[in-house]
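Following the hints, put chain B in place on chain A, whose structure we already have.
Sequence order for the protein chains is A and B.
Per numbering that gives the first Met the number 0, the first sequence starts with residue 0, numbered consecutively.
Per numbering that gives the first Met the number 0, the second sequence starts with residue 0, numbered consecutively.
Just so you know, these hints were derived from the structure itself, not from any lab.
Where is the CB? At the ideal position from N, CA and C, for every residue including glycine.
One or more of the hints may lead you astray.
[Stated by the list, open to error] List of simulated lysine-lysine pairs, BS3-like, C-alpha gap at most 30 Å:
id, chain 1, residue 1, chain 2, residue 2
1, B, Lys89, A, Lys297
2, B, Lys246, A, Lys297
3, B, Lys89, B, Lys222
[As the list claims (entries may be wrong)] Label-pair restraints from in silico Cβ distances:
id, chain 1, residue 1, chain 2, residue 2, range
4, B, Leu81, A, Thr90, 50 to 58 Å
5, A, Tyr580, B, Val82, 54 to 62 Å
6, A, Gln399, B, Tyr220, 51 to 59 Å
[Claimed, not checked] With the Cβ distance kept under 8 Å, some of the chain A side facing chain B (calculated, not the full set):
id, residue
7, Thr51
8, Ile98
9, Arg101
10, His105
11, Phe282
12, Val292
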Amino acid sequence: MMRRLPLAVFVGLLAVAPLFLPEFSVTLLNYIGLYAIVAVGLVLLTGVGGLTSFGQAAFVGLGAYTTAWLTTTHGFSPWATLFIGLAITATVALFLGFITLRMGGHYLPLGTIAWGISLYFLFGNVEFLGGHSGITGIPAVSLFGAELKSGREFFYLIWIVVLLAMLAVRNLLDSRSGRAIRALKGGVVMAEAMGVDTARAKIVIFLLAALLASISGWLYAHLQRFVNPTPFALTQGIEYLFMAVVGGIGHVWGAVLGAGLITILKQWLQDWLPQILGQSGNFEIIVFGIAMVLVLQKARDGLWPVILKLLPARSLQREVPVGETLPKRPATVAGTVLLEAVDVTKRFGGLVANNKLSLTVQAGEVMALIGPNGAGKSTMFNCLSAVNPASEGKIAFLGQSTAGFAARDVARRGMSRTFQHVRLLGQMSVLENVAIGAHLRGCRGVLASALRLDRAEEARLLAEAARQIERVGLKEQMFEPAGSLALGQQRIVEIARALASDPCLLLLDEPAAGLRYLEKQALAELLNKLRAEGMGILLVEHDMDFVMGLADRVVVMEFGEKIAEGKPDEVQRDPKVLEAYLGGVE
Amino acid sequence: MDLQILLLLGQDGVTNGAIYALLALALVLVFAVTRVIFIAQGEFVAYGALTLASLQAGLVPGTVWLLLALGTTVALLDGAQLVRDGRYRKLPPLLIFNVGLPLLLAAGLFAVPPANLPLWAQVGVSMLLVVPLGPLIYRVAFQPLASASVLVLLIVSVAVHLALIGLGLLFFGAEGSRTPAFTDISFELAGTLLQGQTILVVVASALLIIGLYFFFERTIYGKALRATAMNRTGARLMGIPPALAGKLCFTLAAAIGAFSGILIAPITTIYYDSGFLIGLKGFVGAIIGGLASYPVAALGAVLVGLLESYSSFYASAFKEVIVFTLIIPVLLWRSLTSRHVEEEDE
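The following block holds chain A by itself, in its conformation from the complex (with noise of 0.2 Å):
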């Protein structure tokens, strides 16, 4: 209940700010009100998903002009225009998307200013819009039949739009959704092979904080009931950013407090610099110039994380959460073909890292593949979950070829893999990076979520991952920040991701590195069950009585070409094995 007061009288102070506070400082609250809709978009794409936008200003002028045109000139209801506004901005945030996201991350923030500074130059030259000068006698919004004239009383629509955009970004980062898109930053390659579409993601949140811009254009609009080329200027796009950073770009209450205090610090800079200088101007772009730069080196996390430290601390022990199990995919039968690759070969440049090599696996086994550091086993993984495709050869994965598959269009048929190099997101607990995990097995999206809709499967997922985390005996370590494990610990959660998934091929790469004695009997009894349950397994590892004692099968590789492969007694008798491994005899 503590944690919650902090918030209540955030609410209870805004609710009765405009009865006793003065037109001036009305006027003010919209504004911050109005610049942290648009932040806290930010915070969504630039803070969580690690893209940025310059041109958001100009997506505000998309709303707020789509909305003075057509009530002024076409007479149309605000309500109308604000979907028709959010329609408009949408088409063209898909479309700057679609264009600039494929490719490297810093494609979007220049197109964006590309964008910008067009959009303010066609707003500044189209005749119909006014020109530089403007539209004016933009209607008033009317609510339940009463107009929203004054400040006061469209402060009360502008704050609840804030608030609702704020509730709103924090549900969706708290769902299966939010978590892919908090994957995107540091952890494309892991969220990819767990089957999540990273482009789909990076697009999704570009739109949505380009509606939010819009929205709070559309407010502008009314509010003002005037709207001219300027404030959607680059310069203002580049101010909401410096907002975000300021305030805290990781958190949605870094937006407000960036807002509040860039605004009041602007407000503030623009009465005493030009009387410092001497002379008048748009000077505090030097202090907000300076301040970045600044914040950015010394700081990057922003000030929301200080003020975070003040307030009531949350409780890091909660409930394991509990759901009815999801579905499983139907089980294997043991011995049916599992994964056949034959003749994979893969190039970088003129290396040859696999020269083709040919295994299979089968449900109900465990197979290993060995060789010394460098022969090539984590590449050949690598082809063989799709993460980075083989140059030549054919894989098949039941019975269906992976050529031209993505890694999660192989995640989605069944295959799990863990990362030789741990990819976890490390500020992430535990449980919320196992349930990353069982993304495919949930289908609620970005919108059921922001409406917290998706309660029920969002439940029975997390039960699933905590079962999962139980199951390889992390339980105490459930509500940790994953990054703040061991190393060992790191796979082993890395396993409980990918069995999260209900596999019916696991590939583990090195799962047993970092381990204590005891640690690896835990492993190797529950890799043991995994096998009986006809779970079929592909595994490299370098304990060599780990892996002779687990596998039934071995492949040896050495170089990138296949020395030796056999039942585990075999290939310890094999010379060539003993050659690669000990050296041979001159």
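Here is chain B on its own, set in the frame of chain A:
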């Protein structure tokens, strides 16, 4: 449109295109070496042109105070580090370079009225005032974040752009300036007047591009920059300090920018914020080259210049809209042709 107008517009387009090409090269260089998308590149253009204009008007340009302030900041930052490491012997050169020289420049400007200097000396002084801003800005703003992601560096570069624009307004005022032409010679070609200044711009740009080519191909510093651009870690292991490479390419970028500004100052009126749009047009060129290829970037920039020139004839109000919308088909084409393999960069 008759042939005469066509040629006249073409002449304009090629002149501007040559400047955009220079800027595009600087942008590609800075991005390749430091991963900074240097939005503030255009500010050097405005600073170069307006510093020269101030000198010619007999004023002490505000750039000298910025130089002094940045130099002092760098001296303080690096000096503190030297004191902490106990390397006292390096302190005097640090102070002389970062504080002494700017002070000397300022004193010189007050002692000798700059308006009386010959043109070449005014150009020289302008370059001396503006070019050192490049490495100083790198040291203060970017070097502490050298390992940050492209995105963070981009935000910093936008912040630097914002600060420089504001300072430009403070130093040079909102009035635009145009400097007298370097040469009054003109030729007649197919009935069109060919201005000597235009030829000067194109020839100077071409010479500079050739000079850069030799710098990168033949000199040890040029090779060091190329090595850093190709493989940062590898270059570091070979003894090329990343900070040196960063400062060097920012020096080049500032020099190219300031020089471009001085070249076009007699052709078009430059305002404190003109540099931004000029720089961004260089950018459109650089993006056509995928931020990687120098020749394609230069060609793209000339294309931008021509497009701008012809669109200013047909739809002058929509000139900027057309130029910046050009980026959309370019991005679309690059997006459809490139097979981008997603790498984790953080």
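Consistency of the hints with the structure:
no.: 1; hint: B:Lys89 to A:Lys297; verdict: holds, 27 Å
no.: 2; hint: B:Lys246 to A:Lys297; verdict: holds, 21 Å
no.: 3; hint: B:Lys89 to B:Lys222; verdict: holds, 27 Å
no.: 4; hint: B:Leu81 to A:Thr90: 50 to 58 Å; verdict: holds, 57 Å
no.: 5; hint: A:Tyr580 to B:Val82: 54 to 62 Å; verdict: holds, 55 Å
no.: 6; hint: A:Gln399 to B:Tyr220: 51 to 59 Å; verdict: holds, 56 Å
no.: 7; hint: Thr51; verdict: holds, 6 Å
no.: 8; hint: Ile98; verdict: holds, 5 Å
no.: 9; hint: Arg101; verdict: holds, 5 Å
no.: 10; hint: His105; verdict: holds, 5 Å
no.: 11; hint: Phe282; verdict: holds, 5 Å
no.: 12; hint: Val292; verdict: holds, 5 Å
Comparing the model with each numbered hint stated earlier shows that all of them hold.
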